[in-house]
Structures are given as C-alpha cells and as structure tokens.
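Participant: If you want the building blocks of each chain, they are given just below.
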Amino acid sequence: MARNSGFREATGDLRLESVTKSFGDFTAVDDLDLVVPRGSFFALLGPSGCGKTTTLRMVAGLEQPTAGKVLIGDTEITGSRPYERPVNTVFQSYALFPHLTIRDNVAFGPKRRGDKNALALADETLALVQVDHLAARKPAQLSGGQQQRVALARALVNRPEVLLLDEPLGALDLKLRRQLQVELKRIQTEVGLTFIHVTHDQEEAMTMADTVAVMNHGRIEQMGHPADLYDLPRTSFVANFVGRSNLGTGRVVDRDGDSLVAEVQGTKVKVPLARANATDGTVMFGVRPEKVRVLRRPPEGTGDDVKGTVLDVSFTGVATEYLVRLPSGTIWSCYEQNLDVDPIDLRPGDDVWIAWNHAHAFTVPADEAEAQAAAEATA
Amino acid sequence: MSALAHAGPAGGAPAGDTPPQERQGRSWLPYLLLVPGALWLLVFFVVPLVQLFSVSLQSQFPGYPGYYYRDVNFSNYLSALTDFAPQFGRSLLFAGLATFFAFCLAYPLAYAMAFKAGRWRNIMLIAVIAPFFTSFILRTVAWRQILADEGPVASTLNALHLLPGGHITETWAAVVAGLTYNFLPFMVLPIYASLERADHRVIEAGGDLYANGFTTFRTVTLPMSMPGVLAGTLLTFIPAAGDYVNADLLGADNTKMVGNVIESQFFKVLGGFPVAAALSFTLMALILAMVFVYVRRFGTEELV
Ligand SMILES: Nc1ncnc2c1ncn2[C@@H]1O[C@H](COP(=O)(O)OP(=O)(O)O)[C@@H](O)[C@H]1O
Ligand SMILES: [Mg+2]
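Note that the protein sequences, when read in sequence, are chains A and B.
Its first residue numbered 1, the first sequence is counted upward by one per residue in the numbering used here.
Its first residue numbered 1, the second sequence is counted upward by one per residue in the numbering used here.
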C-alpha cells in the first residue's frame with residue numbers, strides 16, 4: 001500500500017496528557033488528562049462551549065495543543081498533520097464533498113491511501129450503514145439522516161484506530177436520533193473500533209457509552225460508567241447535568257458510625273461516608289428525585305424526612321412528578337412510579353412528608369452557581 | 001452547504017398548509033416582476049439584434065456606394081469569414097491567452113483573499129475593484145505609457161537586451177497584457193466568491209481523510225471552486241474576444257482583432273455596414289458555440 005510519508009501506524013489506547021488549548025487569553029481546554037481504552041465506546045458529555053469540539057480537533061490534528069501530548073498506544077502523535085494520523089472524524093455538519101457522489105465520498109480515504117479496492121470497500125461500508133442504494137447520488141440529494149450515515153461510512157471505511165464523532169446526531173429529529181443511537185452502538189460493536197462520541201445530550205451519552213466523561217469549562221469533572229456517574233455524582237455540576245438532583249446547601253456537624261451528619265436548612269440528614277464527596281464545612285447535600293418518596297403521613301424510622309407542601313403535580317404516564325415546597329423555601333422534585341392500584345391522590349396545597357433512604361443520599365462540594373448552570377444547560 | 005437546508009424529508013417542515021387562495025393570488029406576481037426586465041430585453045436587445053441580422057443580409061445598390069436594399073445576401077458572411085479570418089483567429093487566440101493568464105493570476109489571489117488574508121481581506125477586495133473607478137480607456141492609455149519604449153519596463157528590458165523587437169507596444173504581447181489586465185477583476189471576483197462560500201470543514205475533511213495539502217487542493221478545494229472558475233473564464237473570454245480598445249491602443253496593424261475590423265467597417269469604410277453586421281453575427285455565433293461546448297464539458301462534470 002502506497003501511503004503518505006509520515007503516516008503513523010499506531011495502535012492502542014488513546015491518551016491525552018495534560019492537554020491545554022488556549023485561544024488568545026481564553027483557555028478552551030484546560031490541562032486535560034484522559035485515557036480511552038482501545039475498542040471502547042467513549043462519550044464526551046458537556047454543555048455547549050465547554051471545549052468538546054476543540055478536544056476532538058486536537059485528537060484529529062486539526063488543531064494543535066498549546067501544551068501537552070496526544071498519544072495512541074506508545075506513539076506520540078502531537079504535532080503531526082491530520083493526514084498522518086490513524087484517526088477519522090465524523091463532522092458535526094457532516095462536511096461531505098459536495099462535488100463527489102456518495103460512493104466517491106466514501107472511497108476518498110481508501111483512494112488516498114492507495115487502496116486498489118477503494119470502490120468495493122466503499123460499497124461494503126455503505127451497506128453496513130444501509131445506504132448502499134444511494135451510492136450514485138450527490139450529497140445534496142440526500143436527507144439529513146442519510147447524509148449522517150454517509151459521513152459515518154466515509155470515516156468508518158478507513159478502519160481508523162480512533163473514530164471521532166462530533167455531535168453526529170445533533171441535527172436530527174428525536175425519533176431518528178433514537179434509531180441511529182441504537183444503530184451506531186450496533187456498528188461500533190460490530191467493527192470494534194474506539195469511538196469517541198461527543199454530545200451535549202446526557203441521555204444519548206448514558207445509553208450508548210461504556211464510559212462517559214463529563215466536561216465543563218474545558219475540564220473533566222467526572223468520568224466513569226454511566227450508572228456510577230448517575231448513582232454518585234462527585235460535583236454539583238454533574239449532579240444536575242447527568243439527570244436531575246434535589247440539592248441543598250448545608251454544614252457537616254457530626255459523624256455517626258460510618259455516616260456523616262449534616263444540617264441542611266434546619267434539618268439533620270445522614271449520608272454514608274462512602275458517598276460523601278465533601279466531608280467538611282459547607283457541603284451540598286443531594287438525593288435523586290426518584291429516590292424520594294411522597295407520603296401523606298409522617299414516616300416511622302430513620303428520620304430522613306421533611307414536611308412540605310405540594311406545589312405542582314404532573315402526571316407523565318409511567319410516573320408522576322411532584323414538586324414539594326419545603327419550609328426553608330427550597331423546592332424538591334419527587335418521582336413516584338404509578339405502581340399502586342390506589343394512587344395517592346395529592347393536589348397542590350396538600351401537606352405531605354417527603355422521605356428517602358439515607359443510603360441514596362450524597363454530598364458534593366458546595367457550588368450553587370455550577371448546579372444552577374447545569375440545570376439550565378439541560379433544561 | 002446551502003443544500004442541507006432543503007435536504008429532504010428528514011428535517012423538512014410539513015408542506016401544503018398554506019391556504020390555497022393565497023397561493024393563487026401570489027402566482028402571477030413573479031411574472032409581473034419579470035415584465036420590466038423582459039421589456040428592456042425586447043427593446044434594447046431583441047429588436048437591435050433582428051435589425052442587425054437584417055442589415056447583415058442587405059445588398060448594396062450598384063453604383064450608389066453607401067445605399068442598400070433589403071435582401072437575403074449571404075455573401076456578406078462569406079466575405080466576413082474569408083477576408084477577415086486572421087482577425088477572427090487573433091480574437092480567439094488573444095482572448096484565450098488573456099483568459100489563461102488572468103486565471104493564473106486570479107486564482108492564487110482569490111485563494112489568498114479567501115483563506116489567508118484575515119483582516120486584510122476587505123482591503124484586497126477594494127484593491128481588486130478600485131480600477132473600475134477610472135475609465136477603461138484611460139487605464140488602457142496608461143498602460144501604453146507604462147509599456148512605451150521610453151517607459152520603465154521597455155527601457156529596463158532593452159538595457160538588459162531581453163527585448164528582441166526593441167519595443168513592447170505595437171506587439172501582440174502588449175495587446176494580451178492589456179486584455180489580461182482589463183478583465184482580471186472579472187476573473188478574481190467569481191473565484192473569490194466560490195472559495196469564500198466553500199465550507200472550511202469540507203476542506204478539513206480532505207486532510208482528515210489522508211489527503212495532504214496539495215492533494216486536498218486538487219481533489220477538494222479546486223473542484224469546489226469550479227463554478228467560480230467557469231463564471232470567471234466566461235466573463236473574461238467573452239468580452240475579451242469582442243474587445244477592440246486594447247488592440248487599438250496597444251497593438252499595431254498586424255495585431256488587429258475582429259472588434260477593430262467591425263469598428264472600421266462601421267465607421268470608416270463606405271458601404272461596410274452589411275459586412276460589419278455579418279462579422280458581428282459570426283463572432284456572436286462562434287462565441288456562443290464555444291461557450292456551449294465549454295459549459296457542457298466543465299459545467300456539469302467535475303474535475304477529479
Ligand atoms: N478558533 C477559535 N478561536 C477562538 N475561540 C475558539 C476557537 N474555537 C473554539 N473557541 C472557543 O472555545 C470554546 C470551546 O469551543 P468548542 O470546543 O467548540 O465547544 P463545544 O464543542 O463543547 O461546544 C468556546 O468558547 C469557543 O468560543
Ligand atoms: Mg461542538
């Protein structure tokens with residue numbers, strides 16, 4: 001195979017070491033450390049403007065880091081040109097070649113690498129993404145969803161070591177997006193390549209990825225398996241960006257065995273030490289809405305309960321969401337699954353008790369501003 | 001990529017919810033808007049064209065030079081083609097050369113303006129357009145001075161013994177240079193517009209898919225700018241082929257183009273009207289045929 005001089009055959013995990021990117025005096029990506037295991041489906045999740053695209057572009061070589069290193073396996077690729085890297089990108093805007101047919105678009109990469117079977121490979125890959133019947137058309141004659149598939153095929157056909165997807169489903173309507181999420185996951189399993197999927201949709205990240213990294217202001221706030229991220233967020237931003245949380249600012253006052261006792265707006269609450277990401281002074285206490293129960297009578301037991309007033313009831317079919325105003329003025333949200341034959345018939349204005357198992361509670365360092373920003377970004 | 005906006009069923013808004021009355025009421029409006037333009041074309045283009053064609057077929061009253069009668073006399077065309085074949089050849093050759101040189105100068109300039117100029121872009125754009133603020137004739141006269149024997153260019157070349165004939169003016173080179181200069185903006189602007197419109201992500205995609213800088217240019221950037229190149233070459237070639245000012249002011253007798261012949265037949269030769277009209281028509285037909293072939297070749301097919 002006649003390849004570009006300088007092409008780096010590299011295999012292994014993708015590693016970013018202390019990667020920083022500044023534009024003027026603005027830092028878009030701030031001292032990022034990241035390891036993406038080979039063959040994994042990795043999601044980079046964050047609100048718009050947090051530096052996701054910039055991170056991808058540094059991996060692709062379309063942007064050079066101000067500081068730090070990018071490696072694939074043991075091969076450093078920092079400083080090399082995009083065409084020298086075993087990395088391909090599915091661009092947010094698809095960026096198909098408007099003057100080429102779909103088949104030639106997909107065959108473009110293999111042809112540049114001197115592959116004699118470029119066209120056959122292109123047809124094969126178009127079949128994999130189920131648009132082989134459109135091979136002779138031009139990009140302008142395709143719908144958004146079809147263009148998305150072609151963009152994926154054009155990158156996939158090269159079997160890159162790392163495939164970068166920049167909000168690939170962002171421009172599609174909800175139904176098509178869900179359908180393509182499933183398909184993208186199937187294709188990744190089938191080809192076994194490393195996928196880095198950038199999105200601002202937490203549901204998309206959670207359903208598709210093996211590992212999710214939550215990014216904010218050019219930094220990674222938390223990284224892990226979707227279920228772990230959801231179960232135990234480590235910052236107030238993650239608590240509200242990955243799902244919703246009921247959060248309250250309070251003070252750590254005591255220890256009780258392997259639990260922490262905090263006073264939150266006049267109520268004493270317990271948090272297992274293992275779930276406390278902040279253990280001193282001012283902290284934010286949180287419980288996920290579906291872990292909170294709404295009761296007509298005071299519960300008997302641990303004392304993790306508060307009296308409040310129902311503010312709003314919204315029935316969503318599977319569940320009902322209650323907004324409850326607590327004496328301190330904070331509003332908590334509680335999801336009750338509609339399991340019972342006799343649903344608790346609550347109306348705005350009714351007095352209720354809300355209760356939770358303290359094993360579901362967590363604390364994070366107090367940062368109301370970020371919690372607020374995350375809530376707004378997902379609204 | 002404006003194509004994305006009307007890309008098809010996936011993102012399309014539901015059609016057909018406009019009340020039908022409104023549709024009907026609107027349908028004649030576009031035609032109404034066409035009327036002034038159509039009238040203009042009819043009065044100032046179609047009518048003179050028919051008139052010119054009828055003149056090209058007239059015959060001369062024997063013994064009364066300068067008087068004609070209506071006729072269907074194709075001998076005017078025969079004399080146009082046989083007597084003035086060299087001038088036709090020169091017109092096409094000079095226009096072709098000027099188009100080629102203008103392309104070679106314009107493409108790098110347009111490329112630099114679109115991709116590299118940064119905040120200088122608008123200044124460069126103004127510099128390209130600025131010559132239009134003075135008259136075409138004046139600028140060509142200025143070139144005669146620049147290229148004159150005592151002028152800086154010719155005297156330097158002469159001093160270095162690099163100018164075989166001794167002068168630049170009154171040669172075909174001066175005519176081609178003048179044509180190139182005068183029509184350069186018509187080449188730069190469409191190419192610039194098409195490069196400027198090109199999606200930078202698409203060009204980046206070339207690099208991402210293993211094409212180095214030059215290959216990306218050849219396989220992505222250049223094909224994407226072909227509509228601009230096509231428009232630019234037509235806007236340069238067509239007026240250059242009919243031009244007579246450059247050959248008149250910068251050339252000599254042996255560099256005369258069809259435009260010069262038409263001019264002298266119309267204004268200087270008694271009884272030259274029918275031949276001049278036939279020359280004009282032949283030039284028009286030739287250019288139309290060439291443009292047709294050219295557009296068929298490059299307008300629909302992309303260079304890969
Ligand atoms: N070429 C650039 N010049 C200046 N600022 C930039 C440039 N590219 C990105 N930025 C800034 O960097 C930040 C992160 O951008 P980006 O990585 O595109 O965010 P995301 O993809 O997460 O929405 C944004 O504030 C953006 O304005
Ligand atoms: Mg982005």
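Derived from the structure by calculation, the hints contain no laboratory data.
Model, not experiment: these values are computed from the prediction.
There's no promise every hint is true.
Unchecked claim - With a straight-line Cα cutoff of 20 Å, these simulated EDC-like cross-link-like pairs (lysine to aspartate or glutamate) come out: (1) B/LYS116 - A/GLU63; (2) A/LYS270 - A/ASP254; (3) B/LYS116 - B/ASP199; (4) A/LYS138 - B/ASP199; (5) A/LYS291 - A/GLU203; (6) A/LYS291 - A/ASP280.
Participant: Would you mind marking each hint as holding or not holding in the structure?
Facilitator: Verification of the supplied hints:
{"no.": "1", "hint": "B/LYS116 - A/GLU63", "in the structure": "17 Å, holds"}
{"no.": "2", "hint": "A/LYS270 - A/ASP254", "in the structure": "9 Å, holds"}
{"no.": "3", "hint": "B/LYS116 - B/ASP199", "in the structure": "15 Å, holds"}
{"no.": "4", "hint": "A/LYS138 - B/ASP199", "in the structure": "16 Å, holds"}
{"no.": "5", "hint": "A/LYS291 - A/GLU203", "in the structure": "19 Å, holds"}
{"no.": "6", "hint": "A/LYS291 - A/ASP280", "in the structure": "25 Å, violated"}
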